[in-house]
Structures are given as structure tokens and as C-alpha cells.
Amino acid sequence: MTTPTSGNPRAGGGPDATGKHGRAGERGGAGRGREGDHPGQPGGAPRSLATRQAELVEALTRAKPVPEGFDAVKVAAARVALLRKRAGEVARQWPMLAAGFGDRWKASFSSWAATQPTQGSLRDGWDFARDLDGRGELPAIAGAELAEREARWSYDGSAAPRTRRGPAVRSAAGTFAVQVAGHVRIVRLSYAGTRSRKPST
Amino acid sequence: MGAAVAVAETAYGVGIGWRPEISGFVAGLPGLRFAEVVAESVHAHGDLPDGLPALLDRGVAVVPHGVRLSLGGAEPVDPARVTHLATVAARLRAPLVSEHIAFVRAAGVEAGHLLPIPRSFEAVDAVVANVARTTAELPVPLALEPIAALFDWPDDELSEADFLTEILDRTGALLLLDVANVYANARNRGEDPLDLLNKLPLDRVAYVHVAGGAEHQGLYHDTHTDAVPQEVLDLVTELCARHRPPALILERDGDYPPAPELTAELDAIAAAAGYPAITT
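First to last, the sequence lines map onto chains A and B. Going by the numbering used here, the letters in the first sequence line up with residues 8 to 208, in that order. Going by the numbering used here, the letters in the second sequence line up with residues 10 to 289, in that order.
Simulated from the structure, these hints should not be mistaken for laboratory data. Everything numeric in this text was worked out from a predicted model, so none of it was measured. For glycine and all other residues, C-beta sits at the position ideal for the given N, C-alpha and C. It is possible that part of the hints are untrue.
[Stated by the list, open to error] Facing chain B, a subset of chain A residues (Cβ under 10 Å, in silico):
hint : residue
1    : Ser55
2    : Gln60
3    : Ala61
4    : Leu63
5    : Leu67
6    : Pro74
7    : Phe77
8    : Ala88
9    : Leu90
10   : Glu96
11   : Arg99
12   : Glu144
13   : Val176
[Said to hold, decoys possible] Subject to a maximum C-alpha distance of 20 Å in a straight line, what follows is the list of computed SDA-like cross-link-like pairs (lysine to any residue):
hint : chain 1 : residue 1 : chain 2 : residue 2
14   : A       : Lys81     : B       : Leu228
15   : A       : Lys113    : A       : Met103
16   : A       : Lys81     : B       : Asp165
[Said to hold, decoys possible] The calculated label-pair distances, taken between Cβ atoms and stated as ranges, are:
hint : chain 1 : residue 1 : chain 2 : residue 2 : range
17   : A       : Gly76     : B       : Arg102    : 39 to 49 Å
18   : A       : Ser117    : B       : Ala141    : 22 to 32 Å
19   : A       : Ser165    : B       : Asp134    : 28 to 38 Å
20   : A       : Gly141    : B       : Gly181    : 34 to 44 Å
21   : B       : Gly227    : A       : Ala121    : 14 to 24 Å
22   : A       : Ser161    : B       : Glu247    : 29 to 39 Å
23   : B       : Gly55     : A       : Ala70     : 35 to 45 Å
24   : A       : Asp138    : B       : Asp262    : 22 to 32 Å
25   : A       : Arg169    : B       : His54     : 11 to 21 Å
26   : B       : Gly263    : A       : Ala79     : 22 to 32 Å
27   : A       : Pro72     : B       : Thr92     : 33 to 43 Å
All chains should be built: construct the whole structure from the sequences, respecting the hints.
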């Protein structure tokens, strides 16, 4: 299987891992929505490239309003394409989660991710799986995938996952994962039998 | 610019974007002399991805292609990302590196994709500053790739050709020309792709990308997961009739077809460009 760090070699400690979205409160400030509020048009206070780039990213990743002057249909097409691309990347990191949705995967993930900017495909899939598990909607066949990662890694939902030092028992969708010294044993309660997995390398 | 000119004068022919999923196929290409790898997929330290060392041992030039530097961002590039790109270039003994004229994040939020920047002087200034921050640390020349954009900014001041030429002139960078992006942009804007080809400084092209796409709801998407359309191959021929670039690579990023289809695409690019086939 893929180890959680392999998909994003820079996940640990890079600027993407901070989870911070702090930015100056320029959005919605003076001039927004008025005529002539972008450079090149007389009468509007010039707004910086940084501000306008941030607004565009907000529109694409949090379904915020499309900034004035853009072709809303084309920006919406880009937003959908972006979500489908993310869905494909998450499916590679979380194959059982995607399989659990079958041909509804891209639509289901996109619906959830529409207001969640990406934190990388490992964490995106993890957050989605936890969200589903919390609502009792995690597909049963995705239980072992989540439980194993929960047992093997420590992930606080805001920073890159880290390898656990001590033993752990975690469950998801009726499947338990028991991790001792890096070895994980999967126990499914829905039917008899156990199987063990060697540690990922 | 001495090193840059040397890069541009080496004719590598047809190559391919190396990806782990097609590593075996790439390893079996007898005539391969040029490949590209996504820079962020290579660790700065530790083992290179399986399959890459064998290509390097064969003498294949492997170029790191960055996708997350955000050279077009209004904010300064992250020094750690620049260091990573420079380190990977040195590890691969690459003749050059490449990145995009695009931004991928703003105010700490990742877009998850390459986004267009306005064709304005303010944006040119931002790119020039970020390229300077990057090339100061790179051991080899940098080639800049214009992206396929599904939408444009409302405040474009420059034509695409003037915008790109301005950036290249002020940075001294090489051009990574993606003919599929040229095709996609022209089609979606209702323009003739040859108009752009006729105005670009083609002697600055370090290498060329060729990729497939598909139309969804009236817009052509540069997917890299579909076959290369004939129109893009025709554009390769038009480009090479004007100025043949030293290398052209096929970019495929998913839904990998069976090997015979990839072979046929590489052969079609070679035929369109007038380079020898690399598959036999």
C-alpha cells in the first residue's frame, strides 16, 4: 500500500501544512462590488494583485462569490474541474474509500470538498473519511483503510500526520486496527477471522 | 546566457513525462534521451523514485518540472520550495528546470491547480521578481511554461504574446511551450493558435509539451488523461516548420492507456516534428 507520506513529499512542515488561512481583512472592503473597483478603470481604488488572487482562490476553493469582471460560467467550470482533479488524486491515496462510493465517488467527494480548500490528497481523504465515519456513513469496505491509518499515524486534523510511537487501537465502520510496534492487525467485527499486515515500507 | 544557449542547441528529440505508473514503459523506450519528472515528487534527500536512476545511468536527460512554486503569485516564492527545486536539479544532473507562469496559492490557501495571472504589468513585475528569487539559487537555467487557462482576468492589458515576451526578456528565462495549452487557449477564446506561434520568440523554446484533452460543456479541458488530438499534432508540425525545438515530450497524468497506445502517440509526435521515433 501507499504510505501516507509518499503522495506529498513536502507534507511535513511545508507551508501547506500550517492550515492557516489568515489574511488581511481586505475582502468585502471599500469598493468591492462597485463599478470601477479594479485597476485600469478610473474612479476605483486600486486593489492589489495579492488581494485579487486571494479572492479568486476563495471563489474556487470555498465557493465564495466570483470576483467582479470574471466570466462566472468559465470560473465555475474551472472550479468543477479542480474538484474532479482532487477527487482523482484522493482516490489514489484512499482507494478503498473511493471504491466504497463506486461511480458516485467524484460527485460525493466534490460535494464535500467544494468548501474545503485542499490540504493535500492524503489529508483531504482522511478528513472526508473521518467526517463520514462520524456520521455513520463511511462505507464498510473503507473501514480497514481508515482504521489502519488511524492506528499507525497520529493526525490532529490540522498538521501533517506523524508516525505513532506507542501502540494504538482504532476503529472505523466496524473494523478495528490494532497497532503494536508498527505492526497492524485488522479485526473485522462483521464477519469471523482476522488478518494481519506487515508494516508499510 | 551561455548555459541556456547550450541547452537550446542540444537536440534530444521526442521524450516523455516520467510518472511512476508508466516507469516500466519509459524504461523500455530504446531511443529515449529526454524525460521530465514532477519536481515535487522527488525527495531532496533519500532514494530517487524507482526507475529514475536507471534512466540517468543511460544518459537520459531528466528535467525537474515544478508545479507548486507559484511564480505568478503576488507573494514571494517560498525559499524552501526554491531550495528543493535546486537540490532536485543537482541530484538529477539536469540540464535545466521548468516551472509555470501561474499561481497556485494565495494568502495561505492552496488552489490545488495552476491558475492564470492577469496579463498586466503588475503581474509581470510579480513574475519577474519571483523568477529572480528562484534563478539566484538554481544551478541551471529555468524554462517558463504558459498554462492552459479556462478563464481570463478582466483587466488584461497585454496580448498573450506581448505578455510572454516581456517576461522572457526581463527574466532571461527560456520558454517551455506547451502546444496543447496554446491549442486549448485559442480554442476556448475563439482565436487562431497560429497567431500566437507567429509572435512568440521561438528561438527561446527549450522544449515543448504535447498532451491530450477533451471538451466538456463547450470548453476544451487540457486533461492530460485523454488522447492527443490531431489538431495538437498539426500544431506541432506548424511549430517545427517555423523553428524546431530541441525536445518535445508527451505528458500523460492518469487514465494511462495500454503501451501500444502510448507508443503510437510518441511515434505520432515524432512524425509530426520530423524527429526519429524513439520506440524502436
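Do the hints match the structure? See the list:
A cut of 10 Å between beta carbons decides the hint on serine 55(A): the least distance to chain B is about 7 Å, and the hint holds. Residue-level restraint check for glutamine 60(A) holds (minimum Cβ-Cβ distance to chain B is 4 Å; threshold 10 Å). The criterion of a C-beta within 10 Å of any C-beta in chain B is met by alanine 61(A), whose closest approach is roughly 4 Å, and the hint holds. Residue-level restraint check for leucine 63(A) holds (minimum Cβ-Cβ distance to chain B is 7 Å; threshold 10 Å).
The closest approach between the C-beta of leucine 67(A) and any C-beta of chain B is roughly 6 Å, which is under the 10 Å cut-off, so the hint is satisfied. Hint status for proline 74(A) relative to chain B: holds, with the closest Cβ pair at about 8 Å, below 10 Å. A hinted interface residue such as phenylalanine 77(A) counts as satisfied when its beta carbon comes closer than 10 Å to some beta carbon of chain B; here the least separation is about 6 Å, so the hint holds. Interface restraint check for alanine 88(A): the shortest CB-CB distance to chain B comes to about 6 Å, inside 10 Å, so the restraint holds.
Because the closest C-beta pair between leucine 90(A) and chain B is about 9 Å apart, less than 10 Å, the hint holds. Residue-level restraint check for glutamate 96(A) holds (minimum Cβ-Cβ distance to chain B is 8 Å; threshold 10 Å). Restraint check, arginine 99(A) versus chain B: the minimum CB separation of about 9 Å is within 10 Å; hint holds. The interface hint given for glutamate 144(A) is broken, as the beta carbon of that residue sits about 24 Å from the closest beta carbon of chain B, more than 10 Å.
With a least beta-carbon distance of about 31 Å to chain B, the hint placing valine 176(A) at the interface is violated under the 10 Å criterion. The hinted pair formed by lysine 81(A) and leucine 228(B) meets the criterion: a straight-line CA distance of about 8 Å does not exceed 20 Å. For the given pair, lysine 113(A) sits about 14 Å from methionine 103(A) by alpha-carbon distance, which is consistent with the 20 Å threshold. A C-alpha spacing of about 16 Å is found between lysine 81(A) and aspartate 165(B), which places the hinted pair at or below 20 Å, so the restraint holds.
At about 46 Å, the beta-carbon gap between glycine 76(A) and arginine 102(B) stays in the expected band of 39 to 49 Å. In this structure, serine 117(A) and alanine 141(B) break the distance hint of 22 to 32 Å, their C-beta atoms being roughly 38 Å apart. Checked against the hint of 28 to 38 Å, the pair serine 165(A) and aspartate 134(B) passes, with Cβ atoms roughly 34 Å apart. Taking the beta carbon of each, glycine 141(A) and glycine 181(B) are about 53 Å apart, not inside 34 to 44 Å as hinted.
Against the hinted window of 14 to 24 Å, the Cβ-Cβ separation of glycine 227(B) and alanine 121(A) comes to about 22 Å, which satisfies the hint. The hinted range of 29 to 39 Å is not satisfied by serine 161(A) and glutamate 247(B), whose Cβ atoms lie roughly 55 Å apart. Checking the proposed 35 to 45 Å range against glycine 55(B) and alanine 70(A) shows it holds: the Cβ atoms sit about 39 Å from each other. Under the hint 22 to 32 Å, the C-beta atoms of aspartate 138(A) and aspartate 262(B), about 28 Å apart, fit the expected range.
Hint check: arginine 169(A) to histidine 54(B), Cβ distance near 18 Å, so the stated range 11 to 21 Å holds. The given range of 22 to 32 Å is respected by glycine 263(B) and alanine 79(A), whose C-beta atoms sit roughly 28 Å from each other. At roughly 37 Å, the beta-carbon separation of proline 72(A) and threonine 92(B) lies within the given 33 to 43 Å, and the hint holds.
This entry does not satisfy hints 12, 13, 18, 20, 22, going by the numbered hints stated previously.
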